[in-house]
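Asks: Sequence:
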Amino acid sequence: MRILVMLLLDTLPMLGNVLLLCFFVFFIFGIVGVQLWEGILRQRCFLKALPNVKYP
406 MRILVMLLLD TLPMLGNVLL LCFFVFFIFG IVGVQLWEGI LRQRCFLKAL PNVKYP
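Just so you know, we're using the working numbering here: the sequence shown kicks off at 406 and counts up by one.
Be aware that a few hints might be false.
Unchecked claim - Computed Cβ-Cβ distance ranges for the label pairs, DEER-style:
1. R407 with E443: 50 to 56 Å
2. Q440 with L417: 55 to 61 Å
3. M419 with Q440: 28 to 34 Å
4. I433 with P456: 44 to 50 Å
5. K459 with L420: 57 to 63 Å
6. N457 with L425: 56 to 62 Å
7. L420 with V458: 54 to 60 Å
8. L409 with W442: 44 to 50 Å
9. R447 with M411: 51 to 57 Å
10. K459 with L425: 28 to 34 Å
Think of the hints as simulated: they come from the structure by calculation, not from any bench. Just so you know, even glycine gets a beta-carbon here, dropped at the ideal spot from N, CA and C.
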């Protein structure tokens, strides 16, 4: 049991590096996605008025 706990504690810095890399990749893809698709959904959400429906 002690060996398992020591092994888990020794792997924490490596897991931190992996999480940092994942955060960096998601951050970069987020910036690229915002730059590529900025304004593409502008004025897409609207309520089409139906002729036989009365709105409050």
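Asks: Give a verdict on every hint.
Replies: Tested hints:
| no. | hint | result |
| --- | --- | --- |
| 1 | R407 with E443: 50 to 56 Å | holds (54 Å) |
| 2 | Q440 with L417: 55 to 61 Å | violated (35 Å) |
| 3 | M419 with Q440: 28 to 34 Å | holds (32 Å) |
| 4 | I433 with P456: 44 to 50 Å | holds (48 Å) |
| 5 | K459 with L420: 57 to 63 Å | holds (59 Å) |
| 6 | N457 with L425: 56 to 62 Å | holds (58 Å) |
| 7 | L420 with V458: 54 to 60 Å | holds (56 Å) |
| 8 | L409 with W442: 44 to 50 Å | holds (46 Å) |
| 9 | R447 with M411: 51 to 57 Å | holds (55 Å) |
| 10 | K459 with L425: 28 to 34 Å | violated (56 Å) |
Hint check: violations occur at hints 2 and 10; the rest are consistent with the structure.
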